[in-house]
Amino acid sequence: MLEIRNIHKYYEKQLLLDDISFTLGADETVCLLGPSGGGKSTLLRIIAGLEELESGQVLWDGQDITHEPAHLRRFGLMFQDYALFPHMNVRENVAFGLRMQRLPDDEIHRRTDEALALVNMNAFAKRRVTDLSGGEQQRVALARALVPHPRLLMLDEPLGALDRALREQLSEDLRAVLQQMDIPVIYVTHDQEEAFTFGDRLFILHEGRIIQSGSPDQVYNHPDSLWLAAFFGHKNRLDGHVVESEPLRVRTADGLLECGPQSQEYQKGQIVTVVLPLDAASLAADEKNTLDAWVKDIRFQGMGYMIDFQLAHGQEMTFFFNESLPRGGQVRLALQPHSILCFPKIEGQGT
Amino acid sequence: MQSKRWNAGRLALWLLPLGFLLAFYFFPLGKIAALSLSKWRQNGLTGWDWGLVGRTAGFTFYQAVLSTLLTLVVGMPAAYLFSRFRFRGKGFLRVASTLPFILPTVVVAAAFNALIGPHGWLNQGLMAAFQLAQPPIVIQNSLAAILLAHVFYNTSIVIRVVSTAWEGVDLRLENAARTLGASPARVFRQVTLPLIRPALISAFLLVFLFDFTSFGVILMLGGPQFSTLEVEIYIQTMQFLNLPLAGLLSLIQLVFCMGITALIIGTGRSLSVPVMPRGNQENLRKPKKAPEKLFVFIMSFFLVFLLVMPLIALVGQALIVSDQNGWHLSLQYFRQLFVNSRQSIFYVPPIDALRNSLLYALTASSLALGLGMLLAIATRASRILSRVLNWLVLLPLGTSAVTFGLGLYLAFGTGRTALRWYPLLIPLAHALIALPFVLNLIEPALNAIPANLKWAARTLGASPRAVWRRVELPIIWRSALTAFVYAFAISLGEFGATSFLTRPDIPTLPIAVYRYLNLPGSLNYGQAMAMSVILLAVCALSMFLVDRLQLPGWSDNTRKVQPDA
Chain A
1 MLEIRNIHKY YEKQLLLDDI SFTLGADETV CLLGPSGGGK STLLRIIAGL EELESGQVLW
61 DGQDITHEPA HLRRFGLMFQ DYALFPHMNV RENVAFGLRM QRLPDDEIHR RTDEALALVN
121 MNAFAKRRVT DLSGGEQQRV ALARALVPHP RLLMLDEPLG ALDRALREQL SEDLRAVLQQ
181 MDIPVIYVTH DQEEAFTFGD RLFILHEGRI IQSGSPDQVY NHPDSLWLAA FFGHKNRLDG
241 HVVESEPLRV RTADGLLECG PQSQEYQKGQ IVTVVLPLDA ASLAADEKNT LDAWVKDIRF
301 QGMGYMIDFQ LAHGQEMTFF FNESLPRGGQ VRLALQPHSI LCFPKIEGQG T
Chain B
1001 MQSKRWNAGR LALWLLPLGF LLAFYFFPLG KIAALSLSKW RQNGLTGWDW GLVGRTAGFT
1061 FYQAVLSTLL TLVVGMPAAY LFSRFRFRGK GFLRVASTLP FILPTVVVAA AFNALIGPHG
1121 WLNQGLMAAF QLAQPPIVIQ NSLAAILLAH VFYNTSIVIR VVSTAWEGVD LRLENAARTL
1181 GASPARVFRQ VTLPLIRPAL ISAFLLVFLF DFTSFGVILM LGGPQFSTLE VEIYIQTMQF
1241 LNLPLAGLLS LIQLVFCMGI TALIIGTGRS LSVPVMPRGN QENLRKPKKA PEKLFVFIMS
1301 FFLVFLLVMP LIALVGQALI VSDQNGWHLS LQYFRQLFVN SRQSIFYVPP IDALRNSLLY
1361 ALTASSLALG LGMLLAIATR ASRILSRVLN WLVLLPLGTS AVTFGLGLYL AFGTGRTALR
1421 WYPLLIPLAH ALIALPFVLN LIEPALNAIP ANLKWAARTL GASPRAVWRR VELPIIWRSA
1481 LTAFVYAFAI SLGEFGATSF LTRPDIPTLP IAVYRYLNLP GSLNYGQAMA MSVILLAVCA
1541 LSMFLVDRLQ LPGWSDNTRK VQPDA
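Just so you know, the protein sequences line up as chains A and B, in that order. Residues 1 to 351 (the working numbering) are what the first sequence spells out, left to right. Residues 1001 to 1565 (the working numbering) are what the second sequence spells out, left to right.
These are computed hints drawn from the structure, not numbers from a lab. Using N, Cα and C, we set each Cβ at its ideal position, and we do this for glycine too. Be careful, since some hints might not be right.
Beyond 10 Å from chain A on every Cβ pair, some chain B residues (computed) [said to hold, decoys possible]:
#1 Leu-1016
#2 Leu-1045
#3 Gly-1054
#4 Leu-1122
#5 Leu-1200
#6 Trp-1327
#7 Leu-1358
#8 Ala-1378
#9 Leu-1395
#10 Leu-1481
#11 Ile-1506
#12 Arg-1515
In silico lysine to any residue, SDA-like type, Cα no more than 25 Å apart, as pairs [what the hints assert, rightly or not]:
#13 B:Lys-1454 with A:Gln-101
#14 A:Lys-13 with B:Ile-1384
#15 B:Lys-1454 with A:Pro-69
#16 B:Lys-1454 with A:Asn-89
#17 A:Lys-13 with B:Pro-1450
#18 A:Lys-13 with B:Val-1388
With the hints as extra help, turn the sequences into a complete structure.
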């Protein structure tokens, strides 16, 4: 199986990948999640053998393959822009990997047909790839990557170039195809929903390091850092100081908040930033864990309402509600202790 | 990872083009320098005819400036015509304006001779009309003839370079300036001109370089009293056998040309000329107002007269025979090409020159394409080495054809090695001359292939060699073929270097045209015209091919992600 050990990579004298290590299970799908330009694609190219690295090792079944040429590794890689060969038609593109293995013509033919059927592109076999739509190109690229039976499949933003409606549809198709394969998959994306959909495990890549890994719900519900909380879209923040560490209670300007169990421990008196996820608030029935707020703005979102509140000290917050609230009205918001996240305050970052 | 490792194959890839340049470029150039230096050692500075050197250099500069300015005066309105108006016959005019650029100098000289020379249509017509005994227009052997031919030659460069830029200037910008209260003159000065200025400077430098190194036109139309550096090198070598002086002139020429080339490259311009201005339909309109209509009419008429008439006269002179029965159409001159007559200046029928030329051109273009490919591959393997090689390749670009000829002649054309090398010298020289153009076409095409395509092929199991064969080569074949055809056309019409390296019994077509043009008698004149027509036809065919090859370019339909239906 794939093992990555201490990979370092510089790009124009900047450290792009900083000590990346992980191991991949036999038929596990791992999602590399992180903002664009974070070195995710570079990591894929290193694993594929297309890029040099300053230090570190790539191992397969315990064997060091760091210096094995790309074409001998049998790792499939699907590029974000699909990289279909413009001078070949759909069938020739898909058959390319089999031709490289110098298989007999009838086997190439049969397996190409199978792969095209798998992605529902039989009818397009003779088409020029330049005449295909984005979604069709994506299917061809997937078939081309799968048909040589790679030992490992890497997908670089496979849905990134598609528009939203198409992405949802193809996302299901892709999931169905991947579930039929019993090979490990590395799926690179900057989109958290995609990562949650596909990943058995998530690796969060930030500034060249894997800052957190785990199952999607684990990572989403318990981000280790303020940065990751913000990356997941948690924008509601309040600063305060710890008044009690067990259970954790934080005094903020707008009231005392009790937080559920956190990934790290806090000392009494420590200055912290409390993050309140979108779904953490409801209308209060009692006095515990509450914030007083005015309803500033309401946006209907289909499944419910995004409601902007203003707290007593001017702080603005947004929460998701199932029902609407009167604009301008004053409400008392109750916060679920287990959904409140707490982080050490980072100096220089206002709330 | 493997890519940076050196192995025998990679080294050969490098050494081959490098060795070629060393042997056939630097060694000959060294010969020229050594020759001049040895004379200098003997006599010091006093041994040279400095008056001649100064006069020649001065005239070279003078005629180049004059020609370039005149070309711009003609080319600018023509570029405007092409980049802003839609009118009947534009397609024809566009092709007509492309043609001169690729025409061999001898064909241009012959064409002007056919129109305005002593036997030219204009003079014959005037003599017939006014019963004159002498040709009334004596333009042959004058500066005017040189300038005219240069304008004919290079107007197409100005049109192509400038109109490509001009077409790119969005009409809406000019309209916006108008609505903001700028007069048309001001719009031109403050909006259009700044936007096309880079192209204008490019065109100026290119045309200047071509005029500065002009050889055939001046030799054939200027006559004995005008000589540029190029012509003087030839005269000193061929007539006075004063090789050291020829070498000195060559070095002076080299310094000037390198300077201009460095200026062009250094300012980030390219020596390539866009193949064909393709209309940006949005910025084109039909001439509506009377002055516009008048401009379009006069300008296209003028361009037809300037660019097409000489060629028509050339074809006419080759096909129309005048004898005691008057004027009539005849293929007599063409038929004569197959006859090995006793008065012939060659020992072979003139048509053999065509065979020689085609053979040389085929060898030269294959050589140039092969070398170009090797260089293009080699230059991307390593950054530092590629920079070195890139600079080395620039040098031939700034070397005039006559310098090539002289250098190769000195290095391989005389002495004991001469016999063995002679049949190869001409294609070698042509390949060197064509090499920069070939590289200019191949390198961008190779660099335009997205890295992802090569990476995708690698992960699908393609070795580096398979990637080259199955992905890169099929994608750039159009460019490679275009480069081949270009090199072929260049070789076919090459005159400057060839004139040093040719042997009487193996003439090329341009050499034959030159010789025949200088002989008395209407049969020789007619045969010169006929051979020029053949050259013209082959070159026109080549350009037609190049234009066809351009059509569905790979860059036109790269993987654009279309919205799904």
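Point to revise | Numbers of unmet hints, in rising order | key: When the structure is compared with the hints, none of them turns out to be violated.
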